[in-house]
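If you read the protein sequences in the order shown, they are chains A and B.
By my numbering, the letter at position 69 of the first sequence is numbered 51, and the numbering carries on one by one without gaps.
By my numbering, the letter at position 157 of the second sequence is numbered 502, and the numbering carries on one by one without gaps.
FYI, nobody ran anything at the bench for these hints, they're computed from the structure.
Mixed in with the good hints, there may be bad ones.
Taking lysine to any residue and the SDA-like style, the derived pairs with C-alpha atoms no more than 25 Å apart in a straight line are [to be verified]:
1) A:Lys405 with B:Ile522
2) A:Lys204 with B:Pro547
3) A:Lys183 with A:Gly328
4) A:Lys404 with B:Leu428
5) A:Lys216 with B:Asp539
6) A:Lys216 with B:Ile522
7) A:Lys204 with B:Ser454
8) A:Lys404 with B:Asp539
9) A:Lys405 with A:Pro106
10) A:Lys405 with B:Tyr435
11) A:Lys404 with A:Lys204
12) B:Lys520 with A:Gly328
13) A:Lys102 with A:Asp159
14) A:Lys102 with A:Thr255
15) A:Lys216 with B:Leu428
16) A:Lys287 with A:Gly74
17) B:Lys520 with A:Glu232
18) A:Lys102 with A:Gly323
19) B:Lys618 with B:Arg684
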Amino acid sequence: MTHRLNKTLLLGVAALGLMAGNALAETELRMTWYNDGNEGEVMRDLLDRFEEANPDIKVVLDVVPYAAVRDGIGVQLAAGEGPDMARVTDLGGLSQYYLDLTPYLSDADYWRTNFGPFLKWLAPDSDAISGFMTQLTVTGPYVNKTLFEQAGVEMPGEGATWDDWAAASKEVADKLDIPIPMAWDRSGHRVAGPAISMGAKMFDENGEPALVDDGLKMMATKLYDWHQDGTMAKELWGSVSGSQYLGANEDFANANVVLYMSGSWQIPQFAETIGDAFDWWAVPAPCGPAACTGMPGGAALVAIKDTEHPEEVAMVMDYLAQEENLAEFYSRTLFIPGHLGLAEKGIDFDTDDERAKHALSTFAGAVPSISPIAFETQGYPYNYVMFGALISRLGEAIVGELTLDQAFERMTQDVEQQIAEKKRGG
Amino acid sequence: MALDETIKPEAETGTSRLNAIAAWPVRVLFGILDVPFRALQRLLGIGSMPYFFILPNLAFFGLFVVVPLFINFAYSVTGGTNLFMENRPYVGGEQYGFLFDCGNYLDPSTCREDRFWRGVYNTFTFVFFQVSLMVLFSLVTALILNREIRGRGFFRAAFFFPVLLSPVVVALIWKWILLRDGVLNAFLVSMGLDPILFFVSPAWAMFWAIFVSVWAHMGFYTLILLAGLQAIPPDLYEAAEMDGTKRERVFFRITLPLLWPNMLVVIVLALIKAVQIFDEVFVLTGGGPGTATQFVVQYIYTTGFANQIQNFGLAAAASVVLGVVLFVLTLLQLAASRRKDEG
C-alpha cells in the first residue's frame, strides 16, 4: 500500500515538473489591439489556431481603446516598454520603433508582392518589412437614406458637391426635427480628403508640409460656416480641446444624424449596431473643384523592435499574413483588404446585409479616384502633426476663441514648430 | 530604556489575561529587535536614531519625488523629441523663452504659446472659484453636521462618499448626467424646457468643472473642519449662551477664530489640489469647448505626450513653472501649520 502511494506521489511530482518545465519553455508575446467592430474576436480565433500549431508560443491580445493606441503608444514605445506587436494607425510616424522582419521571414518575396505599396507607408525611409495592413480604409460619408425618404428630399447624385450634401442634409433635418444635420469625425484626416478636393496641395514644391493654402482655407471656411449656421453641431468639434478625436458613430446609429463623414472602418460596426433599423448608405466622396477624393488610410499590425523574441514574433506575423488567414480575417471583419492578391481575387464578405455590401463596394470603388496628393499625405510620417494643427485650431475658431485668419496663422506656426523640434533630434 | 519595557503587558496592570497573551508575540519581536537596535544606538548615538528611522521614507521620497524633479529640470533645458537624455541637445533657457514670449501677458492670443497662457488663465479662474466655493460649502456642511441633527452619521458618510470614488468615475458619472441625451437634459425636456448643450458653452463647461470638483472633494475638507469644530471647548459656547450673545457674534467671535488654523490648512490644501487639476476635467470636458477648460496640467500632458511629436522639453519647462507655483503654496501651508502648532 505504502509502495503504491509512493509511486503515485512520484508520478504526480514528475507530472508537475513536466508542466512547470513546459510553462517555463513557453514564450509569451503581447499584442496591443483596438477594436472598431468584431476584429478582436476574429484575431483571437486566428491566434488560438496559431497557438494550437505552436504550443510553445502564447499570444496575449491586449485590447485597449483606440485613444490609447492613438495617443499613448508612442510614449510607451519611446520608453522601450511597448508590446511585441501592435495594431497602429500612425503608420509612418512610429516607424522608428518597428522591427524589420525581413531576416526572420520564410518568404520575404510573398510579403513584398502582396503588401508592396503599403510597406512603404510603414517604412518611408527604408525597404524594411515591418507588418501588414489589417485593413485599408477610405474616408467618405454615410447617409441615413430612410430619413431622406421620410422627408421626401432627393439625395444628391453623382458629382454632387459638399455644399449640395450640406444643403440636402439640413433640409432633411429641418423637416424631421433631427438634431444634427451633418457630423464629421473630429479628425484632421477626415478633413484632408475634402480639402484636397477643394484644391489643397498639403506640401510645397520641396515636399515640405505646407498645410494652409487656398484649398484648405476654402474647406475650413465651409466647416466653420456649417458650425455657425447649425448644419454641423458644435458638440463634436467644439466640445473638446486640442487634437482629441471624437466620432459621431453612436449619434448616427441612433438616427440623430442625417449625414456622417467618417470612413469604411465603420461598416462592420454599423452592420451590427444599426442592422436593418434604417437604411444606412455609403455615398461616394463629394466633389470640389479639384477632385472628388477621400483619404486612404488604414491600420497595420506591426512588429516592435524592442521585442525580446523577434523570431517568435515573425512566426506569428507570418502566420497571420498568409493568404487564407487574411482572407478569413477580411471576410469576417468586413474590412477592405490590404493584401493585393486578395484584393485582386475579391473577398467573399461574410454578410447578407445589403447595406454593408453596398458600403463595401462604394468604398472599394472609391480607391481608383483617390487623389495622388491624398496618398502622399497619408505616406508622410508626420501627417498627424498637420492633422492635429488643423483640427485643434479650427476647433478654437469654431467656438470663437480665434478668428479664422488667426487659426490659419496658428496652424502654420504649430506645424513649423513641431517639425523643427523633430529635426532638432529624436 | 529597553524596547521591551515600553510595552507594559496589560495583565501586569491587572486587566485581561487574554490581552497579555495577545501582546506576547509583540514582546518577543521587540525582544529580538532590541539587541541590534541597542548596538546601533551605541554606534550612532541617540541623537541620530530619528534620522535612521526616517531614512527608508526619505529614500523613497528622494527617489520618486526629488530625483524626478531634477530630471524634469534637466529635460526643460534640452530640445528635440528623443526620450533619452544623452540624445537630447542642450538648448539652455530656450523653452522658457518660448513659453514667456508674449506681446501682452494679459492677452494669450499675443503669446507665442497661446495655449499655455490660456491654460494659466483658466487655471486661475478655476482655482479662484473652486477654492472659494469649496471652503464655503465645506464650512457650511461641517457646521450643519456638527449639530445634533437626526441621521447625522448617515449624512457624514454621504458627504464623504464621493471622496472615495476615482476621479475618472466621478467625471464619467457627471458626463452621462450632462450630455445632450443625459439625465439632466431628460429632466429639463420633461419639464417642457429645451435641452442645454452644457459642453458646448464655455461658461457652462467651466461651471460644471468647478461644480463636479467641489462635489467630489468637499467631503474631505468637511472632515478637517468638523474635527476643528469638535475641538472647540463647549464651555466657551455655554459661557456665551449665559451672556446672551447673539448667534452670529458667537460664530464670528468664537467659532471662526478658533477654527481658523483648520481653515487655513483647508484653503492651502484646496489651493494646491486645484492648481494640479487634470483628470476629472479632462474626462468631463476634454478641456473644451475650444480651450475653455484646458488647464496647465493638460497643456503639459498634451505637449509632452499626446501630440504626435512629443515636445518633452517644453512640457518639462511648463512643469517647472507649475512646480514653482506649487512650491510657494506648499510654503504657505507649512507656515499655516506652524502657526497652528504655535497658536
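query: Are the Cα positions of Lys520 of chain B and Glu232 of chain A separated by 25 Å at most?
result: With a Cα-Cα distance of about 16 Å, the restraint between Lys520 of chain B and Glu232 of chain A holds, given a limit of 25 Å.
- prompt: Taken at face value, is the distance from the CA of Leu428 of chain B to the CA of Lys404 of chain A at most 25 Å?
  reply: 12 Å, holds
message: With the threshold set at 25 Å, check whether the alpha-carbon distance from Lys216 of chain A to Asp539 of chain B stays at or below it.
response: Holds - the C-alpha atoms of Asp539 of chain B and Lys216 of chain A are around 17 Å apart, at most 25 Å.
- request: Please work out if Lys216 of chain A and Ile522 of chain B have their alpha carbons no farther apart than 25 Å.
  value: This hinted pair holds, its Cα atoms lying about 19 Å apart.
query: Going straight from one Cα to the other, do Lys204 of chain A and Pro547 of chain B come out at no more than 25 Å?
result: Roughly 23 Å between the alpha carbons, so the hint for Lys204 of chain A and Pro547 of chain B holds.
Given hint Arg684 of chain B paired with Lys618 of chain B - CA-CA distance at most 25 Å: 21 Å, holds
query: Is Lys405 of chain A within 25 Å of Tyr435 of chain B, Cα to Cα?
result: 14 Å, holds
- prompt: Under the criterion that the straight-line Cα-Cα distance not exceed 25 Å, is the pair Lys183 of chain A, Gly328 of chain A satisfied?
  reply: Not satisfied, since the Cα-Cα distance of roughly 33 Å exceeds 25 Å.
query: Is the straight-line distance between the alpha-carbon of Lys405 of chain A and that of Pro106 of chain A 25 Å or less?
result: Given pair Lys405 of chain A, Pro106 of chain A holds - Cα atoms ~16 Å apart, limit 25 Å.
message: With the threshold set at 25 Å, check whether the alpha-carbon distance from Lys102 of chain A to Asp159 of chain A stays at or below it.
response: 47 Å, violated
field: Given hint Asp539 of chain B paired with Lys404 of chain A - CA-CA distance at most 25 Å
entry: Answer violated: Lys404 of chain A to Asp539 of chain B is near 48 Å, above 25 Å.
message: Next pair to validate is Lys204 of chain A with Ser454 of chain B; report whether the Cα-Cα distance is within 25 Å.
response: 24 Å, holds
Comparing the model with each earlier hint shows violations of hints 1, 3, 8, 11, 12, 13, 14, 15; every other hint is respected.
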